[in-house]
Amino acid sequence: MILFLFLLLIVSQQPQAPQPASIEGIVVTMGTGQPLAGAKVALDPAEAGPGQDGPIPCPNVPVPDMPEPCGPKIATSGTDGRFVLSGINPGTYRLYATRNGGYVPAEFGQRTATGEGISVPLAPGQKMTGVVLQMSPTGTITGRIYDRDGEPLGRAQVQALRSVYRDGRRTMTIIQSVETNDRGEYRLFWLAPGQYYVSAKPDIPTRGPGLPGLPATNAVRITDPARFGTYEQDSVPVVRKRALKTEEIIEETSIPVYFPGIVDMQMASPLAVGAGTVTGGVDISIAPGIVQTHHIRGRVIDGSNGQPLARASVTAIPRTLEPLRSVPAAQSDANGFFDLAGAIPGSYFLIAQTRNSGVVEIEVGNRDLDGIAVVTTQGFKLTGRFMMEGRAADGREPRLAGLRIARLVRDPDLPGVPSAEFTSTSPAEDGSFRMDVAPGDFQVQVRGLGNGYVKSMRMGNDDVLDGGLHIRTAPENPLEIVIGLDAGTIQGTAVNAQQQALPNRRVTLIPDVRLRHRADLYQSVQTDNSGQFRLQGIPPGNYKLFAWEGIETGAWLDPAFIRDYEDRGTTVSVRPAGSENVQLTVIP
Amino acid sequence: MTLTAAALLAFILQNASVQGTVVRAANSPLSKATVELRSDDTEGRLIDTITTEADGRFSFQNVRPGRYRIVVARSGYVRPPQMITVTGGERPRDIELLMNPTGAISGRVFDANGEPLGNVEVMAMKASYPEGRRSLTPVGTVVTNDQGEYRLFWLAPGRYYVSAQPFSDRRRLMAGIMMIGGGAGYFSAATGLRDPALEVLAINEAGDEQQQVPVYYSGTIDERTATAIDVRAGADISGLNLSVVSVREARVRGIVVSSATGRPVQYGTVQADEDGGINRREVRANPENGTFEIKLLPGPHTLNVTSEAGSAYMTLFVTSDIDSLSIPVSPDFDVRGRIIVEGTNRGSLDDLRMTLRRDPPPIGPQANRFSTAYSVPLADGTFTLDASAGDFRVNVAPILNVGFPSRQIPAAWRDAYVKSIRLGDADVLNGILHLDGPPKAPLEIVVGTNPGTLDVRVVNDKLQPGVDASVILVPNVRRRIDLYRTATTDSAGLLRLDRVPPGDYKIFAWTGSDTADWYDSEFIRNYENRGQAVRIVEGGRVEAQVTLISGF
Numbered sequence: 001m002i003l004f005l006f007l008l009l010i011v012s013q014q015p016q017a018p019q020p021a022s023i024e025g026i027v028v029t030m031g032t033g034q035p036l037a038g039a040k041v042a043l044d045p046a047e048a049g050p051g052q053d054g055p056i057p058c059p060n061v062p063v064p065d066m067p068e069p070c071g072p073k074i075a076t077s078g079t080d081g082r083f084v085l086s087g088i089n090p091g092t093y094r095l096y097a098t099r100n101g102g103y104v105p106a107e108f109g110q111r112t113a114t115g116e117g118i119s120v121p122l123a124p125g126q127k128m129t130g131v132v133l134q135m136s137p138t139g140t141i142t143g144r145i146y147d148r149d150g151e152p153l154g155r156a157q158v159q160a161l162r163s164v165y166r167d168g169r170r171t172m173t174i175i176q177s178v179e180t181n182d183r184g185e186y187r188l189f190w191l192a193p194g195q196y197y198v199s200a201k202p203d204i205p206t207r208g209p210g211l212p213g214l215p216a217t218n219a220v221r222i223t224d225p226a227r228f229g230t231y232e233q234d235s236v237p238v239v240r241k242r243a244l245k246t247e248e249i250i251e252e253t254s255i256p257v258y259f260p261g262i263v264d265m266q267m268a269s270p271l272a273v274g275a276g277t278v279t280g281g282v283d284i285s286i287a288p289g290i291v292q293t294h295h296i297r298g299r300v301i302d303g304s305n306g307q308p309l310a311r312a313s314v315t316a317i318p319r320t321l322e323p324l325r326s327v328p329a330a331q332s333d334a335n336g337f338f339d340l341a342g343a344i345p346g347s348y349f350l351i352a353q354t355r356n357s358g359v360v361e362i363e364v365g366n367r368d369l370d371g372i373a374v375v376t377t378q379g380f381k382l383t384g385r386f387m388m389e390g391r392a393a394d395g396r397e398p399r400l401a402g403l404r405i406a407r408l409v410r411d412p413d414l415p416g417v418p419s420a421e422f423t424s425t426s427p428a429e430d431g432s433f434r435m436d437v438a439p440g441d442f443q444v445q446v447r448g449l450g451n452g453y454v455k456s457m458r459m460g461n462d463d464v465l466d467g468g469l470h471i472r473t474a475p476e477n478p479l480e481i482v483i484g485l486d487a488g489t490i491q492g493t494a495v496n497a498q499q500q501a502l503p504n505r506r507v508t509l510i511p512d513v514r515l516r517h518r519a520d521l522y523q524s525v526q527t528d529n530s531g532q533f534r535l536q537g538i539p540p541g542n543y544k545l546f547a548w549e550g551i552e553t554g555a556w557l558d559p560a561f562i563r564d565y566e567d568r569g570t571t572v573s574v575r576p577a578g579s580e581n582v583q584l585t586v587i588p
Numbered sequence: 001m002t003l004t005a006a007a008l009l010a011f012i013l014q015n016a017s018v019q020g021t022v023v024r025a026a027n028s029p030l031s032k033a034t035v036e037l038r039s040d041d042t043e044g045r046l047i048d049t050i051t052t053e054a055d056g057r058f059s060f061q062n063v064r065p066g067r068y069r070i071v072v073a074r075s076g077y078v079r080p081p082q083m084i085t086v087t088g089g090e091r092p093r094d095i096e097l098l099m100n101p102t103g104a105i106s107g108r109v110f111d112a113n114g115e116p117l118g119n120v121e122v123m124a125m126k127a128s129y130p131e132g133r134r135s136l137t138p139v140g141t142v143v144t145n146d147q148g149e150y151r152l153f154w155l156a157p158g159r160y161y162v163s164a165q166p167f168s169d170r171r172r173l174m175a176g177i178m179m180i181g182g183g184a185g186y187f188s189a190a191t192g193l194r195d196p197a198l199e200v201l202a203i204n205e206a207g208d209e210q211q212q213v214p215v216y217y218s219g220t221i222d223e224r225t226a227t228a229i230d231v232r233a234g235a236d237i238s239g240l241n242l243s244v245v246s247v248r249e250a251r252v253r254g255i256v257v258s259s260a261t262g263r264p265v266q267y268g269t270v271q272a273d274e275d276g277g278i279n280r281r282e283v284r285a286n287p288e289n290g291t292f293e294i295k296l297l298p299g300p301h302t303l304n305v306t307s308e309a310g311s312a313y314m315t316l317f318v319t320s321d322i323d324s325l326s327i328p329v330s331p332d333f334d335v336r337g338r339i340i341v342e343g344t345n346r347g348s349l350d351d352l353r354m355t356l357r358r359d360p361p362p363i364g365p366q367a368n369r370f371s372t373a374y375s376v377p378l379a380d381g382t383f384t385l386d387a388s389a390g391d392f393r394v395n396v397a398p399i400l401n402v403g404f405p406s407r408q409i410p411a412a413w414r415d416a417y418v419k420s421i422r423l424g425d426a427d428v429l430n431g432i433l434h435l436d437g438p439p440k441a442p443l444e445i446v447v448g449t450n451p452g453t454l455d456v457r458v459v460n461d462k463l464q465p466g467v468d469a470s471v472i473l474v475p476n477v478r479r480r481i482d483l484y485r486t487a488t489t490d491s492a493g494l495l496r497l498d499r500v501p502p503g504d505y506k507i508f509a510w511t512g513s514d515t516a517d518w519y520d521s522e523f524i525r526n527y528e529n530r531g532q533a534v535r536i537v538e539g540g541r542v543e544a545q546v547t548l549i550s551g552f
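Respectively, the protein sequence lines represent chains A and B. Residues 1 to 588 in our numbering are what the first sequence lists, from first letter to last. Residues 1 to 552 in our numbering are what the second sequence lists, from first letter to last.
If you are wondering where the hints come from, they were derived from the structure by calculation, not from laboratory data. Here the structure is a predicted model, which means the values were calculated and not measured. Some hints could be false.
To be verified - Ranges between beta-carbon positions, derived for each pair: (1) B:220 x A:280: 45 to 53 Å; (2) B:334 x A:333: 50 to 58 Å; (3) A:243 x B:81: 19 to 27 Å; (4) A:553 x B:281: 37 to 45 Å; (5) B:373 x A:370: 25 to 33 Å; (6) A:467 x B:281: 57 to 65 Å; (7) A:331 x B:468: 48 to 56 Å; (8) A:429 x B:291: 56 to 64 Å.
To be verified - Only some residues are given here: those of chain A computed to face chain B with a beta carbon under 7 Å: (9) 44; (10) 46; (11) 102; (12) 226; (13) 240.
To be verified - Interface residues of chain B toward chain A, partial, derived using beta-carbon atoms under 8 Å: (14) 228; (15) 229; (16) 246; (17) 247; (18) 250.
Glycine included, C-beta positions come from ideal geometry on N, C-alpha and C.
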């Protein structure tokens with residue numbers, strides 16, 4: 001990675017040195033405004049926005065084994081909080097500050113402690129001064145975890161989670177993960193100010209389920225404080241056998257318990273974490289999370305010959321959006337039989353995988369599930385074709401060879417569930433392509449569109465663009481994807497009530513009410529330094545545009561969220577190859 | 001499978017139940033103990049498991065006759081596995097499994113400015129002795145919080161070393177990349193926005209010459225000088241603070257010369273391992289004058305030099321800049337020798353693989369790179385080894401594995417042991433093979449096939465049998481790791497060690513602590529006078545009584 005970056009620098013060097021630019025400023029503590037020493041201020045080349053040039057590459061990069069970055073790209077703030085970055089090649093950059101010891105990274109143009117910043121264009125010879133980077137101290141949550149007898153629980157996994165939108169739906173995502181010590185104590189630290197949920201679970205997963213691409217999980221995962229950055233985790237349920245008073249032996253596992261003691265993630269109470277504060281006494285008993293588990297048993301059959309399939313990895317992936325997935329897993333034996341322990345009631349994708357895979361949707365109730373057959377197939381051959389239609393207004397048409405189906409997206413979109421394998425990475429000259437698809441219901445995601453858009457997607461009589469791709473048997477008809485070239489553009493400015501242009505505001509393009517299920521019709525951009533924005537590649541049709549003072553990432557994909565703001569949007573009709581100009585008033 | 005009623009009855013009659021109680025003291029049962037019934041073989045297959053309730057009771061029904069291991073896991077307690085033999089039709093005997101409380105070590109980690117250091121891995125490490133040298137292996141890892149605090153807990157009583165391992169920016173960068181690819185957990189497609197500020201910082205700092213390096217209690221970056229901490233049952237050792245230092249990469253400048261002519265060499269390449277062998281740095285020597293410059297973090301390094309004029313191997317501990325390191329390289333040469341096997345009961349010489357291993361061994365898990373290509377003796381016992389200048393130990397696999405005490409020996413060679421290795425007057429078996437160039441004398445290896453037997457009786461202070469006691473046989477030549485033997489006494493406090501190579505040894509017996517500690521010569525020193533000296537002679541049988549060392 002380092003090497004790769006350096007190579008980029010070396011390869012892209014130019015003979016002529018442009019007039020260098022410089023940036024001077026101060027790093028302060030957010031809230032108090034006190035100068036902050038010891039912060040690292042770093043400049044990073046940004047992707048050029050509309051009407052901006054990318055950074056002009058470094059001149060005369062020396063080529064020893066560890067090349068220096070050209071000019072000082074990193075500076076440390078002094079005791080007065082001041083920093084100077086000079087000798088910068090003109091171009092567009094992002095400017096960040098990071099500091100050890102519990103500060104949220106800051107970025108130029110950022111409007112809240114955890115907000116996104118904005119890029120900095122630097123003209124040749126420009127001397128930018130008076131830049132203020134405000135760093136927010138992080139907060140802490142502490143408490144103790146108790147077991148079912150009320151005794152302190154050691155090595156419990158405790159996580160700080162944040163509520164996020166994913167595919168237009170609310171779910172949670174893990175921010176930090178720590179373990180309790182033998183006294184049951186935990187300390188979740190380096191948390192950016194905000195609302196957090198805390199979950200606790202015993203049974204540190206030591207071994208991952210061996211899902212393809214998902215290695216063993218770690219219980220502890222502390223990242224440096226970050227404004228955003230989230231992850232999910234899979235683990236195999238730890239099953240314990242226990243004899244009841246009746247001498248019946250039951251199997252149990254533990255599912256996460258959310259503060260103040262709730263197993264339903266949606267009902268958990270958030271905790272407010274402030275800058276530099278410690279929220280103590282967040283104690284959780286794992287007792288409500290102890291649930292009886294059941295087995296999923298059956299046989300893996302090789303679809304190519306009808307024979308039992310040995311040593312297939314079998315996993316049951318819950319069909320819900322969860323940050324901490326508990327994935328029952330096992331291997332089929334010599335006769336193809338499998339026995340997965342640790343399943344709790346719910347819906348699952350039951351997946352058998354060797355070189356081929358098979359997926360079955362199952363429901364686990366309050367008893368063992370027996371006799372499930374999972375047939376693995378190579379998948380079905382799906383052929384298709386890309387076709388171009390119309391003409392681009394600016395003559396810039398997407399390259400046919402650059403088009404590709406990026407992914408088949410299931411609903412819900414879960415890692416570890418097979419969907420498609422490509423037999424060819426890019427289409428042939430006539431636009432035709434082939435792929436192997438697994439059975440299931442999908443949305444088709446196309447990449448490489450440039451300014452084009454997917455105008456229609458049909459398989460036989462099915463409107464795949466509107467209704468999705470449903471694979472049950474080998475497809476009879478090709479998937480025909482028409483790329484429209486007459487996309488429209490919208491540009492404009494986001495302003496406040498006083499008609500002042502506002503930089504770094506989120507602008508979202510929402511399709512017409514009848515088309516809100518079409519994820520491909522949504523777009524979102526930030527306004528630039530001058531409060532302007534530009535959206536392109538828009539399929540002709542009716543839309544609503546919104547500009548937001550502050551909106552949670554992905555919230556605009558939630559129809560229920562948008563409904564509350566419906567009358568605040570600006571209706572825009574995009575004509576084929578049209579260019580619209582709008583002024584949006586920011587929704588406070 | 002279907003069983004007729006008669007067969008079923010027979011099946012039930014033959015099978016027994018295994019039951020008992022997990023306790024922390026007499027009449028103090030322990031709940032939440034996971035009791036596992038496992039097969040007593042190398043696989044240790046799990047047959048059944050149950051978690052105890054408040055009464056500490058466990059029971060396994062319908063257990064077939066055979067030998068089993070009962071393994072108990074309970075937070076805050078440990079005990080070794082219990083071996084049991086189940087015979088058909090017997091009345092179930094109650095087994096009491098007594099658990100030993102664990103200990104804890106806690107403290108804080110600070111940076112060079114005395115500021116608490118968060119998110120630093122702190123490891124409890126145990127010594128192991130590959131190649132006869134102490135090497136520390138982590139057995140437990142925790143992470144410091146924002147106040148720099150750590151607590152290593154549930155430590156089985158024994159001897160530990162503590163190390164703080166800061167995430168170097170290079171490691172952090174690597175971790176960041178691995179996380180994006182799906183390391184610890186995975187990033188979701190929709191919400192997995194990583195803060196680019198962190199990546200930018202990591203990339204920028206990866207090139208820094210200042211790096212934080214692992215530090216070992218009580219404040220050394222050299223693991224060889226780490227201080228051991230004896231953790232006794234139930235101990236809570238606090239205040240073990242560590243300061244992580246930021247060190248500048250040292251600049252090592254030197255010259256690669258030919259040992260024959262003293263002149264600079266051409267096409268010299270200097271390689272060094274980093275991060276315990278994870279990374280490797282390589283620089284080329286100046287073709288004009290043989291000089292080189294390599295940057296190395298302070299700490300132990302192994303340099304491996306190759307050139308047109310030969311090769312060199314060097315271990316050095318870097319503390320600061322080194323300006324004139326002269327590395328003489330010499331061409332490879334042959335070492336000729338002969339192996340003589342005594343007696344008639346012997347396997348084929350074709351089974352033997354002879355190698356020379358660098359001494360001291362290289363830093364990091366790369367030992368094999370520094371072993372010569374193996375040689376198989378001819379039918380008359382003569383052999384030729386490829387070597388270069390330096391110090392070596394002679395390895396004769398499979399009968400002499402200088403690195404490891406455990407060995408798997410083909411049946412025909414089971415009684416065999418290396419009796420002596422000499423080069424002229426030098427005792428190479430118990431000492432070192434030092435080579436400057438082609439040796440004048442042949443390397444002579446004598447293999448004996450007439451080992452001795454040792455019967456050990458372990459008693460406690462009151463001369464009662466020492467049941468379930470750990471016994472270790474330690475050679476007087478302590479670095480001969482290959483001669484160490486461990487075993488456990490039976491219910492009469494007896495055990496037999498057969499096929500013991502002749503020589504002088506000491507026997508120690510104890511209960512409660514980890515076997516691994518007894519390979520630690522420093523640890524043994526505390527108990528030296530509690531050992532029983534024995535001399536094993538060819539074909540002889542020796543009886544020895546050893547008193548149990550207690551009170552760990």
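Here is what the structure says about each hint:
Checking the proposed 45 to 53 Å range against residue 220 (chain B) and residue 280 (chain A) shows it is violated: the Cβ atoms sit about 37 Å from each other. Between residue 334 (chain B) and residue 333 (chain A) the CB atoms are about 54 Å apart, so this pair conforms to the stated range of 50 to 58 Å. Remark: the range hint 19 to 27 Å for residue 243 (chain A) to residue 81 (chain B) is upheld by a beta-carbon distance near 22 Å. Roughly 42 Å separates the CB atoms of residue 553 (chain A) and residue 281 (chain B), a value that falls within the hinted 37 to 45 Å.
A hinted range of 25 to 33 Å is violated for the C-beta pair residue 373 (chain B) and residue 370 (chain A), which are about 57 Å apart. Taking 57 to 65 Å as the suggested C-beta distance range, the pair residue 467 (chain A) and residue 281 (chain B) conforms, at roughly 58 Å. For the hinted restraint 48 to 56 Å between residue 331 (chain A) and residue 468 (chain B), the CB-CB distance of approximately 37 Å leaves it violated. Range check, residue 429 (chain A) to residue 291 (chain B): Cβ separation about 57 Å, and the 56 to 64 Å hint holds.
Satisfaction of the interface hint for residue 44 (chain A) is found here, the shortest Cβ-Cβ separation to chain B being roughly 5 Å, below the 7 Å cut-off. At its closest, the beta carbon of residue 46 (chain A) sits 10 Å from a beta carbon of chain B; the interface hint therefore is violated under the 7 Å criterion. Because the closest C-beta pair between residue 102 (chain A) and chain B is about 5 Å apart, less than 7 Å, the hint holds. Here the hint on residue 226 (chain A) is kept, as its CB sits about 4 Å from the closest CB of chain B, short of 7 Å.
The beta carbon of residue 240 (chain A) comes within 5 Å of a beta carbon in chain B, closer than 7 Å, and the hint placing it at the interface holds. For residue 228 (chain B), the shortest C-beta to C-beta distance to chain A is roughly 22 Å, which exceeds 8 Å, and the interface hint is violated. Proximity of residue 229 (chain B) to chain A is violated relative to the hint, the smallest CB-CB distance being about 17 Å (cut-off 8 Å). Hint status for residue 246 (chain B): violated, given a least beta-carbon distance of 11 Å to chain A, over 8 Å.
The beta carbon of residue 247 (chain B) comes no nearer than 17 Å to any beta carbon in chain A, farther than 8 Å, and the hint placing it at the interface is violated. A least Cβ separation of about 15 Å between residue 250 (chain B) and chain A goes past the 8 Å threshold, and the interface hint is therefore violated.
Going through the hint list in order, the structure does not satisfy hints 1, 5, 7, 10, 14, 15, 16, 17, 18.
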